[in-house]
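If you read the sequences in order, they're chains A and B.
Counting in this note's numbering, the first sequence runs from 80 upward without gaps.
Counting in this note's numbering, the second sequence runs from 674 upward without gaps.
None of these hints come from the bench; they were simulated from the model.
We put the CB at the ideal spot given by N, CA and C, even for glycine.
Heads up, a few of these hints could be off.
Beyond 10 angstroms from chain B on every Cβ pair, some chain A residues (computed) [what the hints assert, rightly or not]:
| id | residue |
| --- | --- |
| 1 | 307 |
| 2 | 427 |
| 3 | 613 |
Restricting the straight-line Cα-Cα distance to at most 20 angstroms, the calculated cross-link-like pairs of lysine-lysine (PhoX-like) are [claimed, not checked]:
| id | chain 1 | residue 1 | chain 2 | residue 2 |
| --- | --- | --- | --- | --- |
| 4 | B | 1273 | A | 620 |
| 5 | A | 480 | A | 433 |
| 6 | B | 1273 | A | 319 |
| 7 | A | 610 | B | 1014 |
To list a few chain A residues with every Cβ distance to chain B over 10 angstroms, as calculated [said to hold, decoys possible]:
| id | residue |
| --- | --- |
| 8 | 190 |
| 9 | 456 |
| 10 | 541 |
| 11 | 653 |
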Amino acid sequence: MSTTPLPAPHAAEFTLPERYATNRSGPGRWLWSHFKPHWALGLMLMVGAITNGALAAYVPIEIGKAFEAIMASPPQTELLIGFVWVIIISQTVRSLLQFARNFAAEWLGQLFERNIREELYTNLLGKSMTFHSLQSVGDTMARATNDVREINLMFNPGLNLVIGAAFFLVTPIVASFGIHPALSIIPMAFTLVYFVAIWQYLKELNPVTAKQRNAFGTLNSRLSESLDGIETVKGMAQEKLEVSLFRRNANRFREAYIHQGYIEARFLPMLLMAIAQAAGLWHSLMLMQAGLITLGDVIAYFGLLALFGFPVFTSLFAYSQVSLGVASARRILDLLNNKTDLDQNAEGYSEPMKGGIEFKNVTFAYEGHEAALNKVNFTVKPGLTVAIVGQTGTGKTTLAKLVNRTYDVTTGVVSVDGVDVRDWNLEALRRQISIIEQDIFLFSRTVAENIAFGHPEATRAEIEEAAKQAQAHDFIMEFTHGYDTVVGERGVTLSGGQRQRMALARAFLTDPRILILDDSTSAIDSATEDKIQRAIYAATKGRTTLIITHRLSQIRWADLIVVLRGGKVVASGSHEDLLKTSPAYKRIFSE
Amino acid sequence: MGFFSGLDAEQYDRQYSDKQLVRRMAHYFDAHMGKLWVIGLLALSSAVTAAAVPLLLARALDELGEQISPEAIWLVVGVVFLSGFLSWATNWWRRRLTARTIGDVILTIRLDGFKAAMSHDLSFYDENPSGKVVSRITSDTREYGDMIVLITDLISQFGQALIVGAALIAINWRLSLYLFGMLPIVYWIATLFREAARRTTRTGMRAMGNVNAVIKETISGIAVAKNFRQEEAIFKEFDHGNQSSFDVNLRRGFVLSMVFPALNALAALGTALLLYVGGMNVAASVITAGAWYLFLQGLDRFWFPVLNLSAFWTQLQSGLAAAERSFALIDAEPRVVQVGKQRMARLRGDIRFEQVNFSYVTGEPILRDFSLHIKPGETVALVGHTGAGKTSIAKLVNRFYEFQEGQLLIDGKDIRSLDLTAYRRQLGIVSQVPFLFDGTVAENIRYAAPGVKDPEILRLARKIGKGEWLETLPDGLKTEVGERGARLSMGQRQLVSLLRVLVQKPAIFVLDEATASIDPFTEWQIQQALDMILSKSTSILIAHRLSTVKAADRIIVLREGRIIEEGDHDGLLAQGGHYATLYNTYFRHQSLAYVEESRKLAK
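Start from the sequences and build out the full structure, keeping to the hints where you can.
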């Protein structure tokens, strides 16, 4: 396993050699550091855009010349073919360059998408569980998929059109200067006013678009909640309430939608272009009247002004696309820069574990919250089983997760074999501790691969042996493909009890010194319950076990029972002790 | 860009004809007929003003030539400005009206869709997963709003093209043939490109979908990967997907990057052709210079409508398919039908099934000739294997489903003759997986009885386990439960849903007991809350817990939709019949005796 720590900007649990280092101090710098290795594509994009814009001027100019030639008396028809060839050749070359521009933008977009996704993903793998447990999967997914996609789109169509269109603003200015220097005044004025108008337009539009998106989000989430809870809605006869809620949300969306429509309808650059065309026509006709330019020049000039159509129409979405891309870059960067507390501590203690656990004055608080655990003390000798009991929200799960450094204590010490867990080599610590979580996650792979997840070299015989010990062999054999059955996404095809026994089989295979079992399954029938009990008893044998459980029989027979309430240990001892000292405990053991 | 839209559209099976759909959609615009006419007129007039510029310039070119008077300059410039301004202004007005009309129509259809969704009974939701219903109400309605915008834009573009086209034919039909002859070629090439773009888009989307699926799965399962230090293996899988998505999408980008350059080159060829042929004709005095100018301009006017047309059919089809999905939701026939609207003051809670036959699917009977009388205030527990009919009995009392034969009487009245809303207000229902709505704990408790005040809720909450459970909520009754109650534990959700019933004070209580495992301390509090409800209502319990079964006045033992035993726990157990079997299957492990014995299993 290549886990050699590299000089990375943040300590991480997992690192890989990077393609190139990136600067994460701001979205602009970060995007630039992704761009630098691909500067050649950027050059191709710019060259394509400039030449594409410049060559576009040939069509109106040659048309102007053609009118000049034909309207002369006598008409100079022999010149016509020359203009035709100039148009054909210049425009064919222009197409090739336009293709180069498009494809360079596309290529950059795809490269950015791939590399940023990879950077983000590697970074996510390196972050500690402190980060992952607080970050919702949905939110992380949104950034890893939509936001990465937005950055791709920022290049094409976004920047591709912004840059391409920019040269369609420059071309008329330069080309009209060639016809008569004075004629460049109107294109220049238009360009200036155009930027002001676009800026104003976007400033007005962006908050409304955001409002529309939010309104849609609210509408959608309440709607799907009402429909998922349709039985409750109907059972409580609250259809009318839901309809009025829906009406309110849908109406809010309607207002935002109409408001956005109004702003888009007013789109001023289109009016500006009409004004520029009229003004340009006037100006050129005046010059013609003064004998400074010809009629052909007027036609050419009017054709040049039409080139503004491209920047005007693309600006409807190209600029927003770029600003969306930058916003996405910022969101991704936030995630990348999110500090992660644990490091691999490669030089730490890494002896074989015996399994003694001690909590000394342990207090733990999630960032910005009240303490979830408060001055917890207890000691477990190697090989014993501890049941941790209490209501939801009393800190049971948090307590268990301090042992393998899923989280680090705020104050106090958790030690394993007398060594503070923070002084252990993280790899050695975690390899010898197994956690079976409440919500057991199975990958969409075969049953055998899932069991052998922590120990990929295991033979089929070893896997089956582990499954037998975990009482999982029987139900696995009932699947059509036995151990080669592919588990559905999120393990949907297996019941909670079956998933738990799969996880236990995993643990048997890796044979950890400490097993932490967050057990919240319930057996529908007594025969299954027998199996679960057998599997758990077998798993606790020969190792230290912390078990968070609702099962009275597991509590009853544990060597040590720790009762938590509000993050504090309110009682601890053996079953017999607690029956005497804790009334709450006694109550749950009375029928 | 219209040309690239709808590349990833899917095909759907259609049941309504296009004509039916268009008529239905038109119906929603009835209230906006006035606005619609104005929109249509505006679209046409903006076409006229836009077409006016080239027509006018062509005319001016012929009439005035180089010897132009200052008055004529002002006239030409004035008309050019005016038509530019008018086409902007009519566009503005049209788009405002369109936004308003579509906003209103979407709102109406959404409301119709949602009301329909609320009125459908549960058999509808068995067949239609709620996620699909959601997208019918939100996305589908939006999609055909977009279609309307597209149609009005296309009307305006084609109007413009048609006016210019008519002028060109009038001037010289032979030269027009050069122009019109080119259009089918453009359409054909555009269609070819769209087909290629569509194919590559599909594979591109699929490849991207694969990477996203890998990310989603591995990030969801990150804890497992970290526990077993398998980050590297996971990364390899991701890397493979990411790389192949890059390859496929770059290929797609290659095809898409060619489209506009190719069409531009084609347009330049067209211009060159018209420039040459037109110029020769002018020289031969067949047409005027103005006409020549108009032909060159005409190419531009036709180019975009033809391009957009190549994408139009796909969009139209997907808009119609979206409309169809919305209408199918609205049109679905309800199966639960009330024949009367009797309002009952306070129910006594007398429930009588008389020879009821019920099935969800025809041919698969669940209840057969089922008769049962539950007396007011009685607590009845239903037990039996899965599929024995326990849940069905509860759902019929809730009137969630329609039964086929027999009678169901509530206080002696046919359940079909009752006012459903008024009846359900007196029902307290707790489903197996308690459902909470986004909001606070207090708001959820108040859901069925909005008038209840906080102090009353607090008083009841404190009666349960001396209010110990409130301690476990970070902000007490003001705690936000999150979407679907996700931020609360199962036990907390059950307590909230029981409190919801407690404040509602129903005459009849129907409980489908949860099977989820709850910590023993919370379990004890749930038991207390349950006892408080049972003492005040007629109760039907689908029992999964031993303590609940024991608390019942009468246990009804069901098998294949029939009652085969009834009595109390001790009596039935002593009989050694089906109940004893059920006890050994489902309840034995919940007894304290089992706890003491369980140590032996380890051996």
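Legend entry - Contradicted hints - numbers only: 1, 3, 6, 7 and 8
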